[in-house]
Amino acid sequence: MAGVDERSVGAGRRPWMVVADRELRDLWLAGRGLPLLLAYTVLLSVTSYLVAANQALNFLEQREAVGLTLQLAVAVGALLVLLGAADSVSGERERGTLESLLLSPAPRRALLIGKAVAALSLWAAAWIVSVPYVWYLGRGVDVVGSAAASSLVVGSLLALFLAGYGLVISTIASSNRVSLSVSLFVLLALYAPTQMPTAMQHSWIGELLLRLDPFTAGLRYLGRLVINGHGPGQDAGWLIGPLVAAVVAAAVALTVAGRLSLQGGDRA
Amino acid sequence: MAEGLALQAKGLRKAYRGVVAVESLDLEVEAGTVLGFLGPNGAGKTTVIRMLSTVLRPDAGWFTVAGVPGDQPIQIRRRVGVLPESAGYPPGQTGEEWLAFHAELFARTRGDARATARRLLAEVGLAERGGSLISGYSRGMRQRLGIARALVNDPQVVFLDEPTLGLDPSGQLQVLELMGRVAGEHGVTVVLSTHLLAEVEQACDRVLILHRGRVVAQGTVAEVAQRAAAPRRALVKVPPQVRVRALEVLTACEVGAVAGGGDRRGELVLTMPTGVTPEDAASLALGRLLEAGVPVLGFAMEGGRLSDAFLAVTRTADGRG
Amino acid sequence: MRAMIVALVLAAGLAPAAAGTSPVSVRVDPTTVSTSIGQRFPLTSTVRNDGDWPVSGLVAHLNVLSLDPDVYVDPEDWSSQRTIYLDPVPAHAATRLDWTVQAVNSGRLVIYVAVTATQGTDAVAASNTLRLAVASQRTVEAGGILPLALAMPAAVLLLTGFAGYRRRRLR
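Residue numbers (numbering that gives the first Met the number 0), protein chains in the order written: chain A, 0 to 267; chain B, 0 to 320; chain C, 0 to 170.
Simulated from the structure, these hints should not be mistaken for lab results.
Here the structure is a predicted model, which means the values were calculated and not measured.
Glycine included, C-beta positions come from ideal geometry on N, C-alpha and C.
You may find that some hints are simply not true.
Said to hold, decoys possible - Partial pick of chain A residues on the chain C-facing surface, computed with a CB cut under 10 Å:
hint : residue
1    : L28
2    : G32
3    : Y132
4    : G139
5    : D141
6    : G144
7    : A148
8    : S180
9    : F184
10   : T197
11   : H201
12   : S202
Stated by the list, open to error - Taking CB as the label site, the calculated pair distances span:
hint : chain 1 : residue 1 : chain 2 : residue 2 : range
13   : C       : R165      : A       : V246      : 53 to 61 Å
14   : C       : D69       : A       : A198      : 41 to 49 Å
15   : C       : T82       : A       : T193      : 38 to 46 Å
16   : A       : V243      : C       : R168      : 43 to 51 Å
17   : A       : V243      : C       : R165      : 52 to 60 Å
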C-alpha cells in the first residue's frame with residue numbers, strides 16, 4: 000500500500016472535487032436541495048399560470064411575463080445560493096462535522112471551493128427549471144433564446160457573488176444563526192434600491208446606486224434585454240457591477256479561507 | 000529533534016480571549032507509546048490535542064509530531080489520526096460513504112478509498128452496518144466509526160479524545176479493546192484523553208496529568224502514582240470486641256495513622272506513611288497484630304492508585320493539598 | 000381628428016420643396032406591410048436634399064402611432080434605435096437610412112419618419128406613411144400552460160420521493 004507521502008502526489012481526485020462531490024450528494028440526495036427546488040418550482044408554476052390566465056395578454060405583456068419569470072428565477076436562485084453558502088461552514092461547525100474536515104490535509108481553499116460548487120448548483124437547478132417556463136411564455140415573441148442566455152449570464156454572476164459572500168460570512172461568523180441573519184440582511188439591502196422612487200432612480204446618484212448594486216444592475220440589464228428588446232451588447236455596461244462583485248467576492252472568499260477554524264473569527 | 004520521538008512539544012501555550020487554556024506545555028512521547036492524557040474538565044486536554052493535530056494554532060511554543068515540525072501542518076495531518084471529543088457525523092451518509100470520503104481527502108483514489116473504508120469498518124466491527132445511514136448508528140457505533148476515521152490514513156500518531164464518553168461499560172470495554180488492538184497491530188503511538196482513570200491504568204504505558212493548562216505529573220503509571228505521594232491506606236477488619244486492642248497495637252507500632260472505621264465497629268483504617276513501601280508497612284502491621292493475638296479477619300490495601308495520585312496532584316496544584 | 004392629422008402628414012410628405020421651405024424631403028419604403036405580432040421587418044427611408052447647397056446637422060426620427068384609440072403605443076418598444084444623426088447630405092443627393100422594427104402591438108398602425116435640422120430651420124420634413132396591419136397571435140393561454148405547470152413540480156416531487164426512498168432503504 001502506498002505510504003502517506005507517495006499517496007499525496009496526485010493519486011486521487013483533487014480535494015475540491017472530492018468535497019464538491021460529497022457536498023452535492025449531501026445537498027441533493029440527503030438534504031434540502033430537492034425540497035427547496037420543489038417549492039421554487041411550485042412558485043414558478045403558480046406565477047406562470049396566473050400570467051397565462053390573463054386574457055388580455057398582448058405581445059408586450061408576454062415579454063413582461065418572460066421578464067417576470069426570469070426575475071423570479073434569478074432572485075430565488077440567488078437566495079438559495081446565499082442560504083446554501085451561509086450554512087456551509089457555520090452549519091458544519093455547529094453540527095460538529097467541521098473538525099473532521101479540518102483534520103484532513105486538504106487545503107482550506109479546496110474545502111471552500113467544493114462547498115461553493117454545491118451552493119452554485121442550486122442556481123444551476125433553478126435556471127434549468129426556469130427554461131421550460133421561459134420557452135412556453137416566450138413563444139412567438141422572439142425572446143426565448145436571448146432571455147435564457149442572458150438570465151444564465153446575469154444569474155451566474157449574481158450567484159457567484161452571493162456564494163462568495165455567503166462563504167465569507169459563514170467562515171467568520173460565530174454561529175450559524177449569525178451567518179444566516181447577516182446574509183439575509185445584506186440580500187434585503189441589495190433589493191432595496193429597486194424600491195426607490197422613479198424620479199430618484201433617474202437621478203445621477205440613483206443611477207449610480209443602481210449600477211453599483213449588482214442585483215439591481217443585473218435585473219435592469221435583464222429587463223432591458225427581454226422586455227425592451229435591446230441587444231445583448233447595448234446595455235452591457237450594467238453588467239460591470241455584477242462582474243466586479245462576483246470577482247471581488249470570490250477573491251475575498253479564497254483569501255478568508257485561511258481563517259477557516261473551529262471557532263468563528265479565530266485563526267486556524 | 001530527538002530520534003524516536005512521536006511527539007515533542009516545548010512551551011506550548013494557547014489562550015482564548017484572554018483566558019489561558021494551556022499555560023506552557025512541555026512534552027516528549029516516544030514512538031509506539033500509549034499515553035494516557037488525564038485532567039479535570041477545563042484542564043486543556045482537548046486544546047493540546049487540537050494544537051498537536053494542527054486544528055488550532057498555538058500562541059507560543061513549538062512542537063513536532065512524527066518528526067514533522069508544527070509549521071508544516073499539512074504534513075502533520077497526513078500522519079495523524081484524531082477522534083475528536085465532540086465529533087459530529089453527517090446523518091445522511093452511510094458509514095462507508097463517510098469513511099471513503101475522508102480516505103479520498105488523504106489522496107486515495109476512489110476505488111482505494113472504498114476498499115480502505117470497508118477494511119476499516121470490518122476492523123472496528125461495523126462491517127455489516129457500513130451500508131446503513133449514520134443516523135441509525137448507536138453512540139458506540141459512532142465512536143467506532145470515529146476510530147475508523149482516525150485510522151483512514153494509516154497514521155503514525157492517533158489522538159483519541161474521550162473515546163468512551165457516553166458509552167455503557169460494555170461499550171467502553173469494546174472501545175478500549177479496539178484501541179489496544181490498534182496500538183498493537185498498527186504500531187501507532189496513541190494518545191488517550193479520558194476521565195476514566197481505570198482506563199489509563201489498564202491500557203496506557205505512560206500518563207500525563209494536565210491541570211489548568213499545566214502539566215502537573217507525567218511518567219509511567221507507577222511513577223506518577225508514587226511521585227505524587229499518593230497516601231496508602233489499608234482497611235483492617237478485626238472482631239468488634241478486640242477493636243480497641245487492635246487500635247492500641249497499630250498505634251504503638253508507629254506504622255502509620257490509625258482511625259476508627261466510623262459506624263463499622265470492626266474496621267480500622269490504617270494510613271501508611273510515604274517513606275515506607277506499602278508492602279513493608281502492611282507486613283509490619285499484620286505482624287504486630289498477630290503477635291498481640293489480635294485475630295485479623297481481613298486486610299485490604301487501598302490507595303496507591305492513579306486515582307489517588309490524580310486527586311493529590313490536582314489538589315496540590317489548586318493549593319488545597 | 001386623427002384622420003385630419005394623417006392627411007396633414009401625408010400632404011407635408013408629398014409636397015415639393017418650395018421657396019423659403021426646407022430643401023429636405025424624406026420617403027419611406029415599403030408603404031404597406033402586413034405582419035403578425037412579434038415579427039420584425041425592415042424599413043428604409045430615403046432623405047433627399049433637393050437644394051443647391053449641402054445640408055448638415057440632419058436628424059431623422061422614427062414614429063409609430065395606432066389608428067385604434069384603445070391601443071397604447073410606446074415607440075421605444077418598436078425599435079431600440081429611433082433617432083439617427085445623419086452625415087452631411089450633398090446638394091441634389093440622397094441618403095438611405097435602414098431601420099429594423101418589431102411589431103409589438105396588433106391592429107392598424109402607421110409608421111413615418113420625421114427629419115429636422117439641429118440648427119438653421121424650424122421646419123420638419125415628414126415622410127409618407129407606412130401602413131401597417133399587424134395580426135394578433137395569442138400564444139399563451141391558461142389551458143396550454145397547465146400541463147407544464149403541473150408536470151414540473153411533479154417531476155421534482157418524483158425526484159424528491161426517489162431520494163427519500165433511497166434514504167429509507169439505507170437505514
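A/V243 versus C/R168 beta-carbon gap, inside 43 to 51 Å or not: 47 Å, holds
Pairwise beta carbon distance, A/V243 to C/R165, judged against the given window 52 to 60 Å: Because 42 Å falls outside the window, the suggested range is violated.
Residue hint A/G32, partner chain C, criterion CB-CB below 10 Å: For A/G32, the interface hint holds, since the closest Cβ of chain C sits about 9 Å away, which is under 10 Å.
Satisfaction of the A/S180 interface hint, Cβ to chain C closer than 10 Å: With a closest approach of 28 Å, the A/S180 hint is violated.
Hinted contact A/A148 with chain C - closest CB pair below 10 Å: 18 Å, violated
Hinted contact A/L28 with chain C - closest CB pair below 10 Å: 5 Å, holds
Distance restraint evaluation - C/T82, A/T193, Cβ atoms, bounds 38 to 46 Å: 29 Å, violated
Status of the A/F184 interface restraint (C-beta, 10 Å, chain C): The hint is violated - A/F184 has no Cβ within 10 Å of chain C, the shortest such distance being about 29 Å.
Satisfaction of the A/H201 interface hint, Cβ to chain C closer than 10 Å: At about 15 Å, which exceeds the 10 Å cut-off, the nearest Cβ of chain C leaves the hint on A/H201 violated.
Satisfaction of the A/D141 interface hint, Cβ to chain C closer than 10 Å: 6 Å, holds
Restraint satisfaction for A/Y132 [CB to CB of chain C, less than 10 Å]: Holds: closest Cβ of chain C sits about 7 Å from A/Y132, inside 10 Å.
Pairwise beta carbon distance, C/R165 to A/V246, judged against the given window 53 to 61 Å: The hint (53 to 61 Å, Cβ to Cβ) is violated, given that C/R165 and A/V246 are roughly 38 Å apart.
When the structure is compared with the earlier hints, violations turn up for hints 6, 7, 8, 9, 10, 11, 12, 13, 14, 15 and 17 and for no others.
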